[in-house]
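**Q** Listed below, chain by chain, are the residues.
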Amino acid sequence: MVRIQILTIVTNILFLVYIARLIVKGKLREEYAIVWIVCTLFIMVFSFWRKGLDVMAHLLGVYEAPNLVFTGAIFAILIYLLHLSIVASKLQNNIKQLSQEIALMKMRLDNNDNPA
Amino acid sequence: MKERVLLILPCYNEEVALPVLLTELQHTEFPNHYQVDVVVVNDCSKDKTAQVAKQFKVALIDLPMNLGIGGAVQTGLQYAFRNKYDYAIQLDGDGQHPPHQVATLLAAQQQYKADVVIGSRFVGNGEGFQSSFIRRLGIRYFHWLNRLFTGNQIFDSTSGFRLLNKRAIALAAMHYPDEYPEPESLILFAKAGYSIVEVSVQMRQRQGGASSIGSTASIYYSLKVSLSMFFTFIRQSKY
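Top to bottom, those sequences are chains A and B.
So for the first sequence, the working numbering puts the first residue at 92; every next one is plus one.
So for the second sequence, the working numbering puts the first residue at 33; every next one is plus one.
Please note that the accuracy of each hint is not assured.
As a list, the in silico BS3-like pairs of lysine-lysine whose alpha-carbon atoms are at most 25 Å apart [said to hold, decoys possible]: (1) B:Lys80 with A:Lys197; (2) A:Lys187 with B:Lys34; (3) B:Lys256 with A:Lys197; (4) A:Lys197 with B:Lys116; (5) B:Lys116 with B:Lys78; (6) B:Lys78 with A:Lys197; (7) A:Lys187 with B:Lys80; (8) A:Lys118 with A:Lys181; (9) B:Lys198 with B:Lys34; (10) B:Lys116 with A:Lys187; (11) B:Lys256 with A:Lys187; (12) B:Lys34 with A:Lys197; (13) B:Lys198 with B:Lys80; (14) A:Lys197 with A:Lys187; (15) B:Lys86 with A:Lys187; (16) B:Lys198 with A:Lys187; (17) B:Lys89 with B:Lys78; (18) A:Lys181 with B:Lys256.
In case anyone wonders, no lab produced these hints; they're calculated from the structure.
Values in this document were obtained by computation on a predicted structure and should not be read as measured data.
With these hints in hand, go ahead and build the complete structure from the sequences.
**A** Structure (C-alpha cells):
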C-alpha cells in the first residue's frame with residue numbers, strides 16, 4: 092500500500108460515516124444519499140486496485156488515465172446537478188399548489204367567520 | 033337562469049390602482065342576464081393591496097407567497113372552477129382593462145360560442161392604447177409563433193384581458209403556466225381543441241404600479257415564452 096491509497100481509503104471511510112450520520116439524523120434523504128454512496132464506493136474500489144485506473148483507461152481508449160477521472164467526474168457532477176434542478180422544479184410546483192390551496196381555504200374560513 | 037361570471041383581478045402592489053378599478057366596477061352596468069362577481073387575488077403584495085380590497089364588497093384570495101401573475105390567475109380560476117362559474121374574465125388590477133369592455137367579451141362569447149375570447153388591441157380599429165415599438169415587435173413575433181404551432185391567427189397573444197368558458201376554466205385550473213402565461217396558455221387551449229376568438233377592445237395606460245416586464249427582461253421574456261410555447265406544443269397531452 093502506498094501513502095495515497097491509505098489517505099483516500101481513510102477519507103472515504105470518514106465520508107461514508109458522515110453520510111450515514113446525516114441519514115440517521117434525518118438531515119439527508121436516502122434517495123439523495125445513493126449518489127454519494129455509489130461515488131464513494133467507486134473511489135474505494137480504485138483506491139485498493141491501483142492499476143484499475145490504467146486498465147479502465149486502456150479499455151476505453153483514453154491515453155492518459157487522469158483524463159478518464161476528470162471526464163467521468165465532470166459527467167457525474169453534471170448529471171447530479173440536473174437531478175437537483177429536477178428536484179427544485181418539483182418542489183416549486185408542490186409549493187405553488189400548496190399556497191393556492193391555503194389561499195382558497197383561508198378565504199373559505201374568513202367567509203365562515205363573517206358571512207356576508 | 034342567469035349565467036354566472038367571475039371577474040378575476042390579479043394584483044401585485046396595486047394599492048393605488050385597485051380602489052379606482054373597484055370603484056369603477058361598482059358603477060359599471062353589466063348585461064342583465066349575467067350575474068357578475070368579483071374576486072381579487074392578492075399575490076402577496078408588499079403594500080396595502082389586501083386592506084384596500086377588504087374595504088370593498090368583493091371576495092379576496094390572499095396568497096401566502098408570491099406566485100407570479102400565472103399562479104395568481106390560476107388561483108382565481110380554481111376558485112371559479114370550484115364554485116361552478118360559467119365564465120371567468122381576467123381583469124388586470126392596474127386598470128389597463130376597462131370594466132365596461134367586459135360586456136364586449138361577453139357579447140363576443142355569445143356570438144361566436146368560443147371557449148376563449150381575447151380582448152385585443154390589434155384587431156379591428158385598434159384605437160386606444162398603443163404600446164412601444166419593442167412590444168409591438170414582440171407581439172408580431174408571437175403572432176407568427178402561434179400560427180406556426182396552432183394555425184390560429186392571434187394578433188394580441190400577450191393580452192391578459194380574456195374570457196374563459198366552463199371547460200377552459202377546468203383546463204386552466206389544472207394546467208396553467210406560472211410565468212408570462214398569456215401566449216403559452218393559448219397553445220394549451222388550442223391543443224385541447226378549444227376555439228379562440230379575438231375581439232377589439234380599447235385598453236388604457238396602467239393607472240399605477242409597474243409592468244411585470246421591464247425593458248432588459250424582454251429578451252428573457254421572449255426566450256422563455258418561445259421555449260415554453262414549443263414544449264407545450266410537443267408535450268403529449270394528459271387531458
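**Q** Now look at each hint and say whether the structure bears it out.
**A** Now for the hints, and whether the structure bears them out:
Taking the CA atoms of Lys80 (chain B) and Lys197 (chain A), the gap is about 18 Å. The hint holds against a cut of 25 Å. The straight-line distance between the Cα atoms of Lys187 (chain A) and Lys34 (chain B) is roughly 34 Å, outside the 25 Å bound, and the hint therefore fails. This hinted pair does not check out: Lys256 (chain B) and Lys197 (chain A) have alpha carbons roughly 33 Å apart, beyond 25 Å. The hinted pair formed by Lys197 (chain A) and Lys116 (chain B) meets the criterion: a straight-line CA distance of about 19 Å does not exceed 25 Å.
For the suggested pair Lys116 (chain B) and Lys78 (chain B), the alpha carbons sit about 31 Å apart, so the restraint of at most 25 Å is broken. Distance check on the hinted pair: Lys78 (chain B) and Lys197 (chain A) sit about 19 Å apart at the alpha-carbon level, within 25 Å; holds. Of the supplied pair hints, the one linking Lys187 (chain A) and Lys80 (chain B) holds, its CA atoms being roughly 23 Å apart against a limit of 25 Å. Between Lys118 (chain A) and Lys181 (chain A) the alpha-carbon distance is near 19 Å, which keeps this suggested pair within the 25 Å criterion.
For the given pair, Lys198 (chain B) sits about 15 Å from Lys34 (chain B) by alpha-carbon distance, which is consistent with the 25 Å threshold. With a C-alpha separation of about 22 Å, the suggested pair Lys116 (chain B) and Lys187 (chain A) falls inside the 25 Å cut-off, and the hint holds. With a C-alpha separation of about 19 Å, the suggested pairing of Lys256 (chain B) with Lys187 (chain A) holds against the 25 Å cut-off. The hinted pair formed by Lys34 (chain B) and Lys197 (chain A) fails the criterion: a straight-line CA distance of about 28 Å is larger than 25 Å.
The suggested pairing of Lys198 (chain B) with Lys80 (chain B) is violated, with an alpha-carbon distance near 32 Å, which exceeds 25 Å. Between Lys197 (chain A) and Lys187 (chain A) the alpha-carbon distance is near 15 Å, which keeps this suggested pair within the 25 Å criterion. About 24 Å separates the Cα atoms of Lys86 (chain B) and Lys187 (chain A), which keeps this hinted pair within 25 Å; it holds. At most 25 Å may separate the alpha-carbon atoms for a hinted pair to count; Lys198 (chain B) and Lys187 (chain A) meet this at roughly 23 Å.
Taking the CA atoms of Lys89 (chain B) and Lys78 (chain B), the gap is near 22 Å; set against the 25 Å cutoff, the hint holds. Distance restraint check for Lys181 (chain A) and Lys256 (chain B): the Cα-Cα separation of roughly 19 Å lies within the 25 Å cut-off, and the hinted pair is therefore satisfied.
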